[in-house]
Amino acid sequence: MTATSFDAEILKKDFPLLERTIRGGKKLVYLDSGATSQKPRIVLDAERNFYEEHNAAAHRGAHQLAEEATEAFEGAREVMAEFIGAQSREVVFTKSATESLNLIAYSLSATESPIQWRAGDEVLLTEMEHHANLIPWQEMAKRTGATLRFIPVTDDGLLDLTDINTLINEKTRILSFTHASNVLGTVNPVRHLADLAHAVGAIVVLDACQSVPHESVDVVALGIDLMAFSGHKMLGPTGVGVLWGRYEILESMPPFLTGGSMIEVVTLESATYSLPPKRFEAGVPNMAQAVGLAAAIRYLQNVGMDAIAQHESDLVSSAITQLEAIPGVKILGPAGPRGGALSFLVDGIHPHDVGQVLDDDGIAVRVGHHCAWPLMRRYGVAATTRATFYLYNTHEDVASLVSGVKRAQQFFGTAS
Amino acid sequence: MNLEKMYQEIILDHYKHPQHKSLAPLVSGAVEVHHINPTCGDEVTLRATVSDGLVTSVSWDGLGCSISQASTSVMAGLTQGATVEHALSLTAQFLLLMQGKGVSTEADEVLEDGIAFAGVAQYPARVKCALLGWMALKDAITRQPGEINE
Numbered sequence: 547m548t549a550t551s552f553d554a555e556i557l558k559k560d561f562p563l564l565e566r567t568i569r570g571g572k573k574l575v576y577l578d579s580g581a582t583s584q585k586p587r588i589v590l591d592a593e594r595n596f597y598e599e600h601n602a603a604a605h606r607g608a609h610q611l612a613e614e615a616t617e618a619f620e621g622a623r624e625v626m627a628e629f630i631g632a633q634s635r636e637v638v639f640t641k642s643a644t645e646s647l648n649l650i651a652y653s654l655s656a657t658e659s660p661i662q663w664r665a666g667d668e669v670l671l672t673e674m675e676h677h678a679n680l681i682p683w684q685e686m687a688k689r690t691g692a693t694l695r696f697i698p699v700t701d702d703g704l705l706d707l708t709d710i711n712t713l714i715n716e717k718t719r720i721l722s723f724t725h726a727s728n729v730l731g732t733v734n735p736v737r738h739l740a741d742l743a744h745a746v747g748a749i750v751v752l753d754a755c756q757s758v759p760h761e762s763v764d765v766v767a768l769g770i771d772l773m774a775f776s777g778h779k780m781l782g783p784t785g786v787g788v789l790w791g792r793y794e795i796l797e798s799m800p801p802f803l804t805g806g807s808m809i810e811v812v813t814l815e816s817a818t819y820s821l822p823p824k825r826f827e828a829g830v831p832n833m834a835q836a837v838g839l840a841a842a843i844r845y846l847q848n849v850g851m852d853a854i855a856q857h858e859s860d861l862v863s864s865a866i867t868q869l870e871a872i873p874g875v876k877i878l879g880p881a882g883p884r885g886g887a888l889s890f891l892v893d894g895i896h897p898h899d900v901g902q903v904l905d906d907d908g909i910a911v912r913v914g915h916h917c918a919w920p921l922m923r924r925y926g927v928a929a930t931t932r933a934t935f936y937l938y939n940t941h942e943d944v945a946s947l948v949s950g951v952k953r954a955q956q957f958f959g960t961a962s
Numbered sequence: 002m003n004l005e006k007m008y009q010e011i012i013l014d015h016y017k018h019p020q021h022k023s024l025a026p027l028v029s030g031a032v033e034v035h036h037i038n039p040t041c042g043d044e045v046t047l048r049a050t051v052s053d054g055l056v057t058s059v060s061w062d063g064l065g066c067s068i069s070q071a072s073t074s075v076m077a078g079l080t081q082g083a084t085v086e087h088a089l090s091l092t093a094q095f096l097l098l099m100q101g102k103g104v105s106t107e108a109d110e111v112l113e114d115g116i117a118f119a120g121v122a123q124y125p126a127r128v129k130c131a132l133l134g135w136m137a138l139k140d141a142i143t144r145q146p147g148e149i150n151e
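Chains as they are written, first to last, in the working numbering: chain V, 547 to 962; chain L, 2 to 151.
Source of the hints: derived by calculation from the structure; they are not laboratory data.
Hints may be right or wrong, so weigh each one.
[What the hints assert, rightly or not] Derived pair list, reagent style DSS-like, types lysine-lysine, alpha-carbon separation capped at 25 Å:
1) K17(L) x K102(L)
2) K688(V) x K717(V)
3) K6(L) x K573(V)
4) K6(L) x K952(V)
5) K6(L) x K17(L)
6) K876(V) x K102(L)
7) K572(V) x K22(L)
8) K572(V) x K558(V)
9) K824(V) x K573(V)
10) K102(L) x K22(L)
11) K572(V) x K559(V)
12) K952(V) x K876(V)
13) K952(V) x K17(L)
14) K102(L) x K129(L)
15) K558(V) x K573(V)
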């Protein structure tokens, strides 16, 4: 890549936490952004500024602060909408991507669901889903009697579309799948699958947790109906996630959480509900978090999503090349093109032990099943070691990872 | 070095040469339990037979990291042939060790190789690994024979 316009070393300085040391003075090498990203100072400042200058309950009261808080929150919605190519009224702020997916699964199976569930109906997922895009559907299946079906994965970590024309059939009511795997790095063919599902009248839901933070995403171009992602994985604060939906779909969906803010008229016996997005935002909203997330988006836009995607792709390719050159190291997932999640196995050393040696060097990676236990079973492993990259990672970080893995092999006596 | 303090030679030895890591036949009177560490997916299947207040047999199989495998190996060696009371007391001592309460004189006398795990207490994320086999044992010897848990 050309390092002229994009310099991760310089960007890194915007992130206070990345300056700290780990385990007795070691430089921190943070390779766990797939779990949660670090935050640039301007995001922290935006949150602090909201509390110091504008804090009041949005959408309530007629005083000046309430107006400012409302404006800040609705302004954040506009920033988010523009970022993903949506209309503002299609963006719902939830507390997390997990809540967004639960909202979708609950609402689409509630009594007033736009889907009239019939015996034999099916919900189609994939074998590579995160638990957050699996368990809400298991619960939904209990309520509706629907059968869950799964698009299998190949040994190379791609979706196996051999039987896709039978898996997607006239009984399929919902197709929900991940844009990019948090374990394998696989990027799925969203438009193709969405078109097949729409041809049988199914609703298409996308888990975009591992894509929106890392590349330019346009909801219209993807051709989907509903999408969920989290704020904290894209430089934003914790406690804010997004549900995006095509307006006609959102309008047809009953609420999930109910209470203040989301109503039109309330009597002791019953209530009528606001139009989206407010219908899905019960209670005083997460204003400071939404404002922080908007600041994160502006930061990402300043750097440029395409530049970020290119930088991460360079890092992952380099990491794959160097790790594969170590005898005894096996990469899971496709060779490419792929996203930024890089899972690997080291012969004879359990991922926990790999992670412990890396941690001793100040390198933070994720070890375990990555909340995708069924996928682990599919590959016959209990766990993997996973490195994930973001805009603030450097080629030096990749080099640290590679030498850390070699050190683990030496420590456990498996180096060949 | 932190790493060496945690991965004592004794631990690595048990990891490479685990004791009683082969499930004995499920004879009448034996109890089998299956424990999982939900944060990492590590698992252990343990079979124990209790007769007249004695733990007459402990055998296990499992998948997991060096800490969980070595700890289960040490546990099986220490509790084989012990009274139920002693095995539960050892479990309690090991739990205290993992809670970072320090090595008491009593623990030092009875836990033998188990003392090597003292360093693990400094890594909260790994404490559950060290406890996996011990909790399986406690579960097994306090159940009625014939009960099989999943």
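* To do: Would you pick out the hints that fail for this structure and give their numbers low to high?
  => 1, 6, 7, 9, 10
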